[in-house]
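Read top to bottom, the protein sequences are chains A and B.
Going by numbering that gives the first Met the number 0, the first sequence opens with residue 0, and the numbers climb by one from there.
Going by numbering that gives the first Met the number 0, the second sequence opens with residue 0, and the numbers climb by one from there.
Each hint should be verified, as a subset may be incorrect.
[What the hints assert, rightly or not] Here are a few chain A residues that face chain B, going by a calculated C-beta distance under 8 Å: (1) Gln81; (2) Met83; (3) Leu85; (4) Ser86; (5) Gln197; (6) Leu198; (7) Asn205; (8) Glu215; (9) Met218.
[Claimed, not checked] Taking lysine to aspartate or glutamate and the DMTMM-like style, the derived pairs with C-alpha atoms no more than 20 Å apart in a straight line are: (10) Lys50(A) - Glu41(B); (11) Lys195(A) - Glu6(B); (12) Lys463(B) - Asp376(B); (13) Lys39(B) - Glu49(A); (14) Lys224(A) - Asp101(B); (15) Lys79(A) - Glu41(B); (16) Lys46(B) - Glu49(A); (17) Lys224(A) - Glu41(B); (18) Lys195(A) - Asp176(A); (19) Lys39(B) - Asp227(A); (20) Lys415(B) - Asp367(B); (21) Lys388(B) - Asp454(B); (22) Lys499(B) - Asp611(B); (23) Lys223(A) - Glu102(B); (24) Lys142(B) - Glu570(B); (25) Lys195(A) - Glu76(B).
[As the list claims (entries may be wrong)] If you want the footprint, here are the derived chain B segments under chain A, 3+ residues with CB under 8 Å: (26) 26-38; (27) 53-67.
I should point out that these hints are in silico values taken from the structure, not numbers from a laboratory.
Positions of the beta carbon are idealized from the N, C-alpha and C atoms, including for glycine.
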Amino acid sequence: MTSSTITHSPLLNWLMGYEAQRKRLLKTAPEGALRDFLSVPFPDIHTSIEKVDILSVDFETTGLDAKKDKLLSVGFIPFKRQQMSLSDCYHQIINTQAQLEESNVIIHHITDSQKDRGKALRIVVEALLTALAGKVMLVHFARIEKQFLTQACYELYGMAPVFPMIDTLVLAKRRLDKRDVSYDPSELRLTNLRHKLQLPEHNAHNALNDAIATAELFMAQMSKKNRDGKTTLKDVLL
Amino acid sequence: MDTELSEISTFICSIPPFDSLPKHLLAQLVRELTINYLRKGEQLPPKGMTEARLYILRKGAMSCLSAEGELVSRLGEGDLCDAFYHSNHNNSDEKRLNVHTDEDCLIYSVEASVLQELGERFPSISDYFSQNSAQRLKSKMTKVNEDAILSSTLMNTSVGNFYQSPVASIDVNKTIQQAAMQMNEQGYSCLVVIEQDSPVGIITDKDIRRRCVATGLATSASISNIMTQDMCTIDIKNNAYDALMIMTAKHIHHLPVTKYGNLVGMVTVTDLINNEGHNAINLSSVIHKANSVKELTEISMLLPKLQIRLAKLGSSSDHVGKSISAITMAFTKRLIEMAEFKYGPAPVPYAWLAAGSQARQEQLAHSDQDNALIICDTMKTGDDVWFEKLAHFVCDGLASCGFIYCPGEIMATNVKWRQPQKVWHSYFSKWVDTPSPQALLNSSVFFDLETIYGDVSLLREVKKELLKKTKKSTLFIAHLSKNALGLRPPLGFFRDFVLKQNGKHRATLDLKRNGIAPVVDLARIYALAEGISAVNTIERIQQAAGTPSLTKSSAENLIDAYAFLGILRVEHQAKQLMRGESADNFLSPKEISKLEREHLKDAFKVIKSLQDARQSNY
Chain A
0 MTSSTITHSP LLNWLMGYEA QRKRLLKTAP EGALRDFLSV PFPDIHTSIE KVDILSVDFE
60 TTGLDAKKDK LLSVGFIPFK RQQMSLSDCY HQIINTQAQL EESNVIIHHI TDSQKDRGKA
120 LRIVVEALLT ALAGKVMLVH FARIEKQFLT QACYELYGMA PVFPMIDTLV LAKRRLDKRD
180 VSYDPSELRL TNLRHKLQLP EHNAHNALND AIATAELFMA QMSKKNRDGK TTLKDVLL
Chain B
0 MDTELSEIST FICSIPPFDS LPKHLLAQLV RELTINYLRK GEQLPPKGMT EARLYILRKG
60 AMSCLSAEGE LVSRLGEGDL CDAFYHSNHN NSDEKRLNVH TDEDCLIYSV EASVLQELGE
120 RFPSISDYFS QNSAQRLKSK MTKVNEDAIL SSTLMNTSVG NFYQSPVASI DVNKTIQQAA
180 MQMNEQGYSC LVVIEQDSPV GIITDKDIRR RCVATGLATS ASISNIMTQD MCTIDIKNNA
240 YDALMIMTAK HIHHLPVTKY GNLVGMVTVT DLINNEGHNA INLSSVIHKA NSVKELTEIS
300 MLLPKLQIRL AKLGSSSDHV GKSISAITMA FTKRLIEMAE FKYGPAPVPY AWLAAGSQAR
360 QEQLAHSDQD NALIICDTMK TGDDVWFEKL AHFVCDGLAS CGFIYCPGEI MATNVKWRQP
420 QKVWHSYFSK WVDTPSPQAL LNSSVFFDLE TIYGDVSLLR EVKKELLKKT KKSTLFIAHL
480 SKNALGLRPP LGFFRDFVLK QNGKHRATLD LKRNGIAPVV DLARIYALAE GISAVNTIER
540 IQQAAGTPSL TKSSAENLID AYAFLGILRV EHQAKQLMRG ESADNFLSPK EISKLEREHL
600 KDAFKVIKSL QDARQSNY
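Hey, can you work out the whole structure from these sequences and the hints?
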């Protein structure tokens with residue numbers, strides 16, 4: 000870790016920041032789930048991707064603006080190497096106060112009555128933080144999960160944590176950009192990327208289904224990218 | 000919530016045997032799944048998964064190879080891999096397979112212990128995986144036979160066709176002893192109890208045993224003490240199937256039949272099950288009355304319809320084959336009678352012989368004609384002119400009735416197959432003693448020979464000599480076996496294709512060549528090796544059961560396999576005939592369900608194992 004090539008890498012500086020930020024935040028974090036989360040070190044960035052513990056996460060929300068809109072449901076499933084167990088999966092609807100809009104219900108299929116039977120935001124976020132400790136978060140289109148989780152933590156704890164992420168959309172985009180051929184942005188949708196990699200049809204809009212679908216997509220992407228087995232966490236981190 | 004894991008659930012419940020799982024157990028099973036992504040060329044099980052598991056291929060393709068490197072099966076989407084389901088591979092008959100991926104694969108799996116636990120509440124699941132091919136096929140055929148009984152003509156027949164009338168009845172004031180005496184006298188096990196002309200209950204011999212003798216009730220007590228009061232009845236307008244359903248649901252064997260609310264008769268389970276169609280018999284008698292080839296030709300147009308009808312009634316292919324063969328025989332006989340009338344009586348005794356499928360009574364509508372003539376040795380030069388005329392008349396007649404001329408010229412019109420008894424003796428001797436390829440080809444047709452018309456002793460004597468010879472001639476049997484074993488059933492299916500032994504794919508399965516014919520050949524070998532004179536395949540197998548050639552359980556398995564192939568063939572042909580197409584034996588995997596494909600694979604396995612056993616015999 001003392002080699003000069005490493006210190007010259009801007010990506011690495013940024014990533015070193017992750018661990019540094021974690022340690023810094025740990026000092027001020029309130030007692031509880033957030034503190035517990037921050038007390039577990041993140042995986043070393045030079046770890047082979049096959050050995051990294053990953054948590055595939057998906058949120059359903061009332062909209063795209065984390066300040067205005069609300070988190071509706073959270074789904075996640077942990078996995079490692081090319082394997083995951085459905086017995087480890089989690090899905091929970093949140094009993095947010097917001098009134099659901101019809102146009103939105105069509106997408107996520109969560110109705111007001113289901114929502115009212117949901118659990119409190121604190122309980123769900125704490126379940127997520129507990130599962131995420133020591134793992135890397137995997138999402139498709141990171142902005143939503145990143146902003147909504149940050150916002151939720153501000154509301155609950157008055158501060159936001161750092162969390163390393165992998166984004167399957169970004170991985171696919173990097174690949175397409177390298178080809179230097181124009182492409183339709185819709186090609187980057189979860190459904191379309193899965194189709195291209197011969198994964199089964201995926202249509203559901205449910206946080207858990209999407210989390211599983213994203214994990215499968217990542218496995219397929221790694222099957223192509225990591226043929227030589229040399230891919231490390233650094234190569235795929237956001 | 001409903002949509003949680005919905006896609007995975009939908010996929011799992013499309014695969015037998017999980018398609019029969021109740022919803023809550025399915026949800027539980029899905030929660031226990033593990034998902035793996037394997038790259039092309041990786042081995043199953045994935046690293047670190049040492050416990051016994053069932054693998055379900057979600058996407059991709061895999062090959063299963065035997066320890067010797069021979070392709071055993073290829074798996075596609077939705078196929079199950081149970082090669083690692085049993086933790087200890089001590090089962091001598093199931094050697095461990097090598098499974099590798101041919102493409103990148105998304106694979107679901109579940110621990111065997113989870114399925115076994117599930118099986119405690121839903122036994123058909125664990126049975127499915129603990130049974131071997133033969134056992135699975137047996138359960139399937141048992142169910143098919145049960146269904147055939149239920150769904151046959153009963154649906155289309157009124158209960159009025161079955162009931163017995165008048166009903167044995169007894170006055171409500173009579174004693175239990177009097178009821179028992181009346182049952183004895185009239186030979187009934189069930190009486191309807193009457194009070195002022197209207198039925199008020201029913202009493203069976205079982206009631207006497209259970210409610211009187213067993214409880215110590217005096218036999219002098221009134222029958223009203225032990226009768227069943229709220230008895231079920233069925234209106235005469237209902238069909239027989241409904242009657243059977245009521246009896247099955249209520250576990251009763253007798254059901255009073257009413258008309259406008261009045262008791263008119265009684266129907267029993269036995270009455271319903273003994274019912275059989277008599278279509279073939281009706282048609283035979285019409286054929287017998289026909290006076291010209293033209294009339295016969297018109298009647299023959301009904302044959303495909305008969306085959307459709309038999310298939311619709313859920314008849315087994317054995318039943319269909321026997322019915323159609325009986326009708327072909329009726330046509331042949333009537334044509335011979337017409338020829339004898341036209342050309343005068345035969346100069347010497349003779350017999351008209353059917354060969355191949357007709358002799359085995361396994362013919363389906365409008366197959367080829369295979370026939371021959373055996374003539375008494377007293378025939379003189381010049382007599383053949385009459386037999387030649389007979390042969391042409393009958394063969395032409397059969398052809399105009401839709402039985403096409405045999406492409407191999409195995410017909411009585413061919414002088415080679417129109418010979419006196421002594422020549423037939425010499426033919427068979429030569430075929431058995433010096434088995435050339437052509438001789439073996441001939442023997443597969445001529446060892447299935449039956450007299451259709453004429454002097455039965457002519458063929459009987461030839462056959463007797465022949466069987467004496469074949470029983471002793473291991474060389475001949477060995478050659479015949481080698482020849483017959485050339486036809487191998489395919490391995491199974493891969494996606495919507497038939498997978499052959501060499502790993503190549505075919506769009507359709509030739510049911511006859513790759514399934515039915517190999518069984519027919521095996522049965523013939525057993526018969527010739529054991530000196531069995533029967534020609535029908537099932538009869539041959541039944542008679543060979545328990546001989547050195549074939550164990551009893553293998554015989555049962557082979558009959559199950561043969562019967563299942565027969566059902567598919569009959570259903571396939573019925574569909575074609577209904578569409579007005581000509582019937583063939585080429586089944587597309589798309590035509591059949593996933594479960595039927597599994598059963599077919601099981602049938603192939605049974606056939607293959609008996610072929611292998613035969614092969615190692617020599």
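Verification of the hints:
no.: 1; hint: Gln81; result: holds (4 Å)
no.: 2; hint: Met83; result: holds (5 Å)
no.: 3; hint: Leu85; result: holds (5 Å)
no.: 4; hint: Ser86; result: holds (6 Å)
no.: 5; hint: Gln197; result: holds (6 Å)
no.: 6; hint: Leu198; result: holds (6 Å)
no.: 7; hint: Asn205; result: holds (5 Å)
no.: 8; hint: Glu215; result: holds (6 Å)
no.: 9; hint: Met218; result: holds (4 Å)
no.: 10; hint: Lys50(A) - Glu41(B); result: holds (18 Å)
no.: 11; hint: Lys195(A) - Glu6(B); result: holds (18 Å)
no.: 12; hint: Lys463(B) - Asp376(B); result: holds (17 Å)
no.: 13; hint: Lys39(B) - Glu49(A); result: holds (17 Å)
no.: 14; hint: Lys224(A) - Asp101(B); result: holds (18 Å)
no.: 15; hint: Lys79(A) - Glu41(B); result: holds (17 Å)
no.: 16; hint: Lys46(B) - Glu49(A); result: holds (12 Å)
no.: 17; hint: Lys224(A) - Glu41(B); result: holds (16 Å)
no.: 18; hint: Lys195(A) - Asp176(A); result: holds (16 Å)
no.: 19; hint: Lys39(B) - Asp227(A); result: holds (14 Å)
no.: 20; hint: Lys415(B) - Asp367(B); result: holds (18 Å)
no.: 21; hint: Lys388(B) - Asp454(B); result: holds (19 Å)
no.: 22; hint: Lys499(B) - Asp611(B); result: holds (17 Å)
no.: 23; hint: Lys223(A) - Glu102(B); result: holds (12 Å)
no.: 24; hint: Lys142(B) - Glu570(B); result: holds (17 Å)
no.: 25; hint: Lys195(A) - Glu76(B); result: holds (17 Å)
no.: 26; hint: 26-38; result: holds (count 10)
no.: 27; hint: 53-67; result: holds (count 3)
When the structure is compared with the earlier hints, no violation turns up for any of them.
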